[in-house]
Structures are given as C-alpha cells and as structure tokens.
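Chain A is already provided as a structure; the job is to place chain B with the ligands on it using the hints.
Protein sequence lines correspond, in order, to chains A and B.
All residue numbers for the first sequence refer to the numbering used here, where the first residue is 699 and numbers rise by one.
All residue numbers for the second sequence refer to the numbering used here, where the first residue is 254 and numbers rise by one.
Simulated from the structure, these hints should not be mistaken for lab results.
As the structure is a prediction and not an experimental result, all values here were calculated from the model.
There are no misleading hints in this set.
No farther apart than 30 Å at their CA atoms in a straight line, the calculated lysine-lysine pairs in the DSSO-like style are these: (1) K789(A) to K719(A); (2) K412(B) to K469(B); (3) K789(A) to K412(B); (4) K412(B) to K773(A); (5) K414(B) to K771(A).
Derived coverage of chain B by chain A (criterion: at least 3 residues anywhere in the stretch with Cβ under 8 Å from a Cβ of chain A; other residues may be distant): (6) 387-393; (7) 415-423.
Between beta-carbon pairs, the in silico distance windows are: (8) S355(B) to E768(A): 21 to 31 Å; (9) E768(A) to Q498(B): 51 to 61 Å; (10) Q834(A) to R440(B): 35 to 45 Å; (11) N727(A) to I302(B): 35 to 45 Å; (12) S322(B) to N743(A): 53 to 63 Å; (13) E813(A) to V406(B): 52 to 62 Å; (14) D399(B) to Q812(A): 56 to 66 Å; (15) M748(A) to Q498(B): 52 to 62 Å; (16) M748(A) to N358(B): 29 to 39 Å; (17) N358(B) to P774(A): 32 to 42 Å; (18) N727(A) to E455(B): 26 to 36 Å; (19) A474(B) to R700(A): 57 to 67 Å; (20) E511(B) to E768(A): 42 to 52 Å; (21) E436(B) to N727(A): 37 to 47 Å.
A virtual CB, placed ideally from N, CA and C, is assigned to each residue, including glycine.
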Amino acid sequence: MRITQGTFSFLPDLTDEEITKQIQYALDNGWPCSVEFTDDPHPRNTYWEMWGLPMFDLTDAAGVLAEVNECRKAKPEHYIRLNAYNANYGKQTVALSFIVQRPSEEPGFRVERQEWHDRAIRYTLHPYAADKPHGQRYQQNGQQ
Amino acid sequence: MTPPDRLPGSKIPATRVGFGMARPGSNAAGPQAPEEAEEKETLPPDARIDLAKERAETGIDDVFNALDSELVGLAPVKNRIREIAALLLVDRARAQFGLSTSRPNLHMCFTGSPGTGKTTVAMRMADLLYRLGYLRRGHLISVTRDDLVGQYVGHTAPKTKEVLKRAMGGVLFIDEAYYLYREDNERDYGQESIEILLQVMENQREDLVVILAGYKDRMDAFFVSNPGMGSRIAHHIDFPDYTLQELDDIGKLMIRAEGYKFSPDAEKTFREYLNRRMKQPRFANARSVRNAIERARLRHASRLMEADKPVGKEELTTLSSEDFLSSRVFANSDSARTSDDSLTE
Ligand SMILES: Nc1ncnc2c1ncn2[C@@H]1O[C@H](COP(=O)(O)OP(=O)(O)OP(=O)(O)O)[C@@H](O)[C@H]1O
Ligand SMILES: [Mg+2]
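Isolated chain A (complex conformation):
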C-alpha cells in the first residue's frame, strides 16, 4: 500500500526537478530544510530519524538535494522526507514536509480489533513491516 503523508500527499511522487523547485521555494522564503528517514511509517510516528542537522543559511537548492541523495544512498529502502521550518512564529514550525523516497515494496497495514467491555470493539493499525525489529524492515537483498 502506497503510504502518503505531508504536503503533497495527494500527488504522485515528485521528480527530482520538482523536489528541487520545492526546496528552492522554501529557501527563498527563508525556511531552513532538513532530511529525515524512518522504517516505521506508522502515521502517528511523528519522530523520524534526523539525517544530519537542519541546514541553515543555504541559498541554493543543490546543497539540500545533495543531502537527500546522500541519505538515499545510505538508506535505499527507507522512507525519507524533507522538512522545511518557518521560524517566523517565534518557534521552528514545519511549513513544508513531504516524502522524497519510499521503499520499493510497501506491504501496508493490517487492522487489529480489540474486544473491549460491553462488546465494544477498538481498532488499531499495525504496519506489517513493524513485525521485524527496527533496522531490519523493508530489507531487499540484505540492504537496509
């Protein structure tokens, strides 16, 4: 199941050219960008792992895209997203966040039903990938 989240979740995956344009838009607005990755794509998992620190004082998108590509190289089967932060509200606020890489196979989620008292049922989502320990999910030919 193709997981979507973030700013362009309703669009097909962006090409590198489109990603570059979005990064440039963010930089032109003075928003620093950061790259994050995860192998736990549960929608409630807000805290992805940071690929380096947020990048401040950049002018041109090439530097950010280079980091995205570095991260892709190191984590070819992870989800990777790009965030842009707007500090104008007095604290760093996410202004833009979108996925820039996904694993080649996404097994998706199963729904789990929990019997509750009075015959009530509670539902929860469980990513198939999360059955494996952290770091071993979405592996292809031994790659991470």
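Relative to the frame of chain A, chain B with the ligands by itself:
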C-alpha cells in the same frame, strides 16, 4: 470507520516515475540544466545574432559601469573580467545555434597585497556571473581556514561540506587560502578540506565558483605543494598595489560616497598623508585610505563638538586640513611607530 486494510492500494501512474529514482545519475548534470537546453529552439545556420543586444539584455553593463565608476585603477583586473564576460556571451550565442560548448572553468585565484580590492571584486564577479547565467544565485560566501577545517578527527569533512552547501549557486571566496595547507604537519586536517574542495571544483562546476585569495608569493608556494589546486584554477589574477594618484582618487571617491568634501588645503594635506603612510609598515592600500577617512571623521566630529558653535551644512560636510594633520603619521614620520597602527592612522 473503513477498515484500512481494504483501502484501495493507489498505484503510481506508469507515465511518471517518482523521486527521480528511476534515472540515477541524472542528478549529476544538475537538476535544471537539461530542461532549459531543450526548451530553447536552435537557430537556423544562417541566422545572425546581435551580440550587443544580447549583452544589453543580461544587464552586465550595469556591473561594468559600477566597476568603472566605483573602483579606481585595477586595469588588468577589469580587462580580465571583460574577457570572461565576452567568453560567456559568445558561449550563449553558440548555444543558440546548438553548438555544444563545454562549461568554461571559472575558478579563480586573486593575489595581491591587503586592501587592493580582492574581496570587493569577488563580490562583483559573483553578481556578473549571475547576470550572465553562469551562476544560479550569485551570492558570495567568504570563508577562511577556520570555517573549513575542524579541530578533531571527523570534524573537517562536515564543516567543509556545510560551507560548500551554503555557497551552492554562488561564489565561495576563500581568503588566505594557503593556511589550508601546513607544510610542517602532514597530518594537518587542512589537507582533508583541500581534497573535498578539489573534488567539488572538478565535479560540481555548475554549482559554484571557487575564488582563492591571498598574497602572491605564499599563494604560489601553496600551488607548488598542491598542484591539483593550481591546475583546477583557470584564472590567476594579480591585483597591483595602488599608486599615490590612485589612492588619492580612491580617497576622494570614498569621502564623496560618505557625503563629505575636502577643504581646499585638506586636499593637499590628504595627499601628503597618503605619501607618508604608503612608506610606513602595515600599509593596506585602499583599506588604509578608508581607515584614514574614518579617523578624520572622528576628529572632525570632536572638533565641531568642542567648538560649541552652531553649525551649518558647510561645516558638517567639510573635512579640513587639521583633521588629518593631527594623525600620528605626521607626528613622528621619521620614527614610524606601528604598534597601535590601526588606531592612529
Ligand atoms: N580600486 C578601488 N577603488 C575604490 N575603493 C577600493 C578599491 N579597492 C579597494 N577599495 C576599498 O578598499 C577596501 C578594502 O578592499 P577589499 O576588502 O576588497 O581588499 P582585499 O584585497 O580583500 O584586502 P585583504 O587582502 O586584506 O582581504 C574596501 O572598503 C573597498 O571598497
Ligand atoms: Mg579581503
């Protein structure tokens, strides 16, 4: 609630490949370059291009006019800049005929004494290359060894890469670049920084221009020990020391820009000041001129305050002879004191 495991699995449309993952390597050519090249129609072989018009469209004449009116002297430097601009313009014209032109190497090295205008020219160069379409942004990031080289193992590469990222799309200006290399210590972290720079200068020419700056003799020695660096730099530009007349002109330009003028006798005193200052140690060309004027402005202000009289526009804008005469440059011209030189100019 819809059971999520029955949500239709949306497929990426086959016509579009996302994330550029299906075309690895295409990033190396720069994300924007190929598209632009395709969009422009090739001219027929018998077409004519008006180079003067092309030139006017880029707006580089503004840069040249500013160079000529705001920078005194520097004829060899200005000439080289004109040559580079001509090359880029001709390359643009060639591209319109579909003639392939390899991207010229524009990494440069500026050598010259302190205050000869290296930083100033580098800034204009960034603007010029931006207007000619060679650079995407045209900003200038000015760094020294401390910004590039780390303090411990593993510190240097991230630091250098961070600076390079900031400079992308513009000019990376490395002042006193020879400090990156320490001859006496082969395990100095500077070497690591040099290697990263070399790689980027070779492989990412479309992303940034590197300008090294420093004194001529030390820069030459640096290139002898780092031949890789020397060979990646196409333009070695030497900034000559200014003559007395040029310094005088620079001073006049500066005071006019600040909204001051010389009283008739101050003009002569100022020239005499420059004449003496030039011969003293730690003379920094145009920067010394700027410092001298800053000091004169201070003295001028204190003089007006002490006089305790109403002042008009005339008094407020006129630097007089005494504002320069009380400088130590005149006081002990024969025993040239230099200890607190910058404060006493
Ligand atoms: N030809 C010139 N005409 C007018 N002003 C000049 C000229 N050259 C330099 N200046 C002025 O002199 C000052 C010093 O110039 P700049 O900082 O470019 O020197 P530099 O060569 O980079 O010196 P350093 O080697 O010490 O870094 C600046 O304020 C600049 O505006
Ligand atoms: Mg300088």
